[in-house]
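Construct the complete structure from the given sequences, taking the supplied hints into account.
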Amino acid sequence: MNDSLTSHLAALRPQLLRFARLQLRSDSAAEDAVQEALLAALTNASGFAGEASLKTWVFSILRNKIVDEVRRRVRSPELQMSDDSEGSDFDELFDAGGHWAELPSKWGDPAATLEQKRFWTVFEVCIDNVPEKPARVFMMREFLGLETEEICKELTISTSNCWVLLHRARTHLRLCLTERWFGQDKLQGA
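Sequential numbering from 24 applies to the sequence shown in this note's numbering.
Honestly, the hints are just simulated from the structure, not real lab data. A hint or two may mislead.
Restraint-style ranges between C-beta atoms, simulated for each label pair [what the hints assert, rightly or not]:
(1) Ala72 x Lys140: 33 to 41 Å
(2) Pro127 x Ala72: 37 to 45 Å
(3) Trp143 x Trp123: 22 to 30 Å
This one's a predicted model, so the numbers in the text were calculated from it and none came from an experiment. Glycine included, each C-beta is placed from N, C-alpha and C at the ideal position.
Take a look at the structure:
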């Protein structure tokens, strides 16, 4: 077993656990998914071609483990409680007609910005500051690629609640990224 690979995987473990806990809402399920992903990475290390970063490769393995677990839960649901008291009110950002009270600042060239590693560091800081339930719905939709119906079944929420939570998460991210990345006073240390 390659000691370098083992140490790289050990360094990734806290990030993997944070991501899995957010999605699975269970320390034990998150721990199981991370352990399975790390074991799969170690077992299939010879198949890692290096076309993506090690972190991207391991996260994609974990993503598949989480999707499998979420789909298993949808097929055999357990009693889950829904908390609809999540999130802040963003009404002050919009006028009476539902339009932005103040237009968002120009973001420059998003395609070029997305290529920068630092952007993802700032993005992680921003997603960590989104309230838990909207962040979870956003990650399920955008990172795990789950359909709205699957998200609603997993979280026992309505479709309209799902869209509200997605809107809240996206609004939080927009505000944070505008301030920390795309704004005039871009933070140097994230």
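Here is how each hint holds up against the structure:
1. Ala72 x Lys140: 33 to 41 Å: At 20 Å between Cβs, range violated.
2. Pro127 x Ala72: 37 to 45 Å: Holds: the Cβ-Cβ distance is about 39 Å, inside 37 to 45 Å.
3. Trp143 x Trp123: 22 to 30 Å: holds, 26 Å
Violation of the numbered hints given earlier is confined to hint 1; every other hint is satisfied by the structure.
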